[in-house]
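J.: What follows is each chain in one-letter form.
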Amino acid sequence: MELHDIISIRDFNKAKINHILKISEDMEKRLGRKNNSLRGKILACLFFEPSTRTRLSFETAMERMGGGIIGVSESGTTSIVKGESLKDTIKTVESYCDAIVIRHPREGAARLAANVSEIPVINAGDGSNQHPTQTLLDMYTIKREAGGLKKEVALIGDLKYGRTAHSLAYALAMFGAKITLISPKGLEMPVEVVADLEKFNTTISETNDLEGSIPGCDVLYVTRIQKERFPDPEEYEKVKGAYKITLQTLESAKRDAIILHPLPRIDEISPEVDLTKHARYFKQVYYGLPVRMAVLGLVMGAIS
Amino acid sequence: MKEVKVKRIKNGTVIDHITGGQALNVLQIIGVTKEYPKAVLTVAMNVPSKKMGVKDIVKVEGRELKADEVDKISLISPESTINIIRDHEVKEKKNVSLPKTLEGVLVCDNPNCITNFEKTKTIFVVEEKSPIKLRCSYCERTMSEKEIIKQF
Numbered sequence: 001m002e003l004h005d006i007i008s009i010r011d012f013n014k015a016k017i018n019h020i021l022k023i024s025e026d027m028e029k030r031l032g033r034k035n036n037s038l039r040g041k042i043l044a045c046l047f048f049e050p051s052t053r054t055r056l057s058f059e060t061a062m063e064r065m066g067g068g069i070i071g072v073s074e075s076g077t078t079s080i081v082k083g084e085s086l087k088d089t090i091k092t093v094e095s096y097c098d099a100i101v102i103r104h105p106r107e108g109a110a111r112l113a114a115n116v117s118e119i120p121v122i123n124a125g126d127g128s129n130q131h132p133t134q135t136l137l138d139m140y141t142i143k144r145e146a147g148g149l150k151k152e153v154a155l156i157g158d159l160k161y162g163r164t165a166h167s168l169a170y171a172l173a174m175f176g177a178k179i180t181l182i183s184p185k186g187l188e189m190p191v192e193v194v195a196d197l198e199k200f201n202t203t204i205s206e207t208n209d210l211e212g213s214i215p216g217c218d219v220l221y222v223t224r225i226q227k228e229r230f231p232d233p234e235e236y237e238k239v240k241g242a243y244k245i246t247l248q249t250l251e252s253a254k255r256d257a258i259i260l261h262p263l264p265r266i267d268e269i270s271p272e273v274d275l276t277k278h279a280r281y282f283k284q285v286y287y288g289l290p291v292r293m294a295v296l297g298l299v300m301g302a303i304s
Numbered sequence: 305m306k307e308v309k310v311k312r313i314k315n316g317t318v319i320d321h322i323t324g325g326q327a328l329n330v331l332q333i334i335g336v337t338k339e340y341p342k343a344v345l346t347v348a349m350n351v352p353s354k355k356m357g358v359k360d361i362v363k364v365e366g367r368e369l370k371a372d373e374v375d376k377i378s379l380i381s382p383e384s385t386i387n388i389i390r391d392h393e394v395k396e397k398k399n400v401s402l403p404k405t406l407e408g409v410l411v412c413d414n415p416n417c418i419t420n421f422e423k424t425k426t427i428f429v430v431e432e433k434s435p436i437k438l439r440c441s442y443c444e445r446t447m448s449e450k451e452i453i454k455q456f
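So the sequence lines, in the order shown, correspond to chains A and B. Each residue of the first sequence is one higher than the one before, starting from 1 at the first, in the numbering used here. Each residue of the second sequence is one higher than the one before, starting from 305 at the first, in the numbering used here.
I should point out that these hints are in silico values taken from the structure, not numbers from a laboratory. The model shown is predicted, which means the values in this text are computed figures rather than measured ones. We put the beta carbon where it would ideally sit given N, CA and C, even for glycine. Hints should not be assumed to be uniformly reliable.
Over the 10 Å line for every Cβ pair with chain B, so calculated as not near, a few chain A residues [to be verified]:
1) Ser73
2) Tyr96
3) Leu112
4) Ser205
5) Leu275
Below are the DSS-like pairs computed for lysine-lysine, each with C-alpha atoms no more than 30 Å apart in a straight line [to be verified]:
6) A:Lys87 to B:Lys398
7) A:Lys199 to A:Lys238
8) B:Lys404 to A:Lys16
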């Protein structure tokens with residue numbers, strides 16, 4: 001399979017996602033073994049916005065495959081402060097490396113980078129738009145931990161602004177998962193995103209009721225509710241409490257239900273939940289590595 | 305029903321078969337409200353039409369339309385026909401057609417879209433024709449007729 005850029009989950013179909021998940025599985029099995037498939041290759045990590053997991057896992061993935069890394073971690077240290085355009089920055093960086101990973105605060109930045117770049121570009125988050133490798137690792141986690149993709153999945157929290165929730169919902173709908181959207185009033189998934197999901201042959205329901213929805217779910221995908229979205233701090237405190245996953249809220253959950261979170265979490269999931277068999281969010285972090293190894297290998301032509 | 309009679313023009317453009325009610329937006333597109341405030345115009349709205357039920361007609365003296373203006377008209381009135389008049393005669397007649405993608409014609413309505421910060425041509429994909437829905441190929445947000453018309 002030819003895969004040049006990874007910009008948006010909307011560019012993918014089921015076959016492509018399945019292929020990446022299959023390669024990710026191979027990568028996971030080979031994690032302990034020596035892997036030099038990207039020896040001599042250099043990856044540029046351009047992070048114009050903060051990141052912990054995404055950046056570290058891309059860098060680790062590259063190192064584990066024998067490649068090298070160059071990068072910038074904030075625009076303040078580059079010629080961008082002198083007014084250099086993103087286009088010129090990309091044209092410069094591409095002459096030093098074999099692939100580019102970019103995170104940028106503006107929506108569409110990764111697509112623009114891919115349009116001007118000859119070498120592969122991977123989107124590691126463009127504003128509130130897309131974060132496709134997060135979606136791929138979420139799909140991989142669901143497949144591995146819940147035993148398949150055609151499951152009953154609840155997306156919980158800020159579904160209005162959360163880019164991970166939008167693209168995961170899109171990918172899950174493609175695979176026929178039954179999706180329940182659970183969010184506080186005012187943070188519901190945008191109507192146009194829901195309309196997009198409805199094009200697929202799947203069931204989508206929306207509710208503000210977390211507790212009532214838990215018993216039917218195989219996967220609880222929890223996202224962060226950001227304080228700054230609420231003009232009234234009191235309203236935030238109320239909402240925060242109502243959408244928190246605690247041992248009590250999990251009493252009605254299926255025995256093998258799993259909880260995922262793209263992290264960082266603030267207090268959407270109480271720490272004692274970490275010790276239950278439901279908690280899989282750190283496993284999810286771990287799966288980021290084989291998935292990003294698969295993606296890097298594919299775009300740089302080391303894996304087909 | 306009485307026939308509607310409108311004076312013929314010598315040189316210029318007749319835009320016929322405009323979706324009923326859209327004539328004022330067509331005027332915005334061809335710039336008579338801004339660039340050509342003194343243009344000689346004839347506007348007919350909600351004229352009975354066998355084909356369309358009702359239609360609007362716009363006649364502009366002394367002006368032929370540019371390609372991007374035709375593209376914009378196709379967005380809000382896909383069945384329009386453009387007649388170029390020279391010396392009182394129809395010299396050219398064409399239907400507008402809604403292209404699959406629109407390049408450099410519109411501005412993205414999303415203030416945080418990269419195309420509003422970098423010098424680059426916007427690209428919109430036509431996702432739905434009626435009512436019109438465009439998707440920015442950069443930020444992936446959609447624009448409806450209401451947001452599109454705001455730009456004219």
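J.: Hints the structure violates: just list their numbers, smallest first.
T.: Hint check: 3, 6 and 7 fail, others pass.
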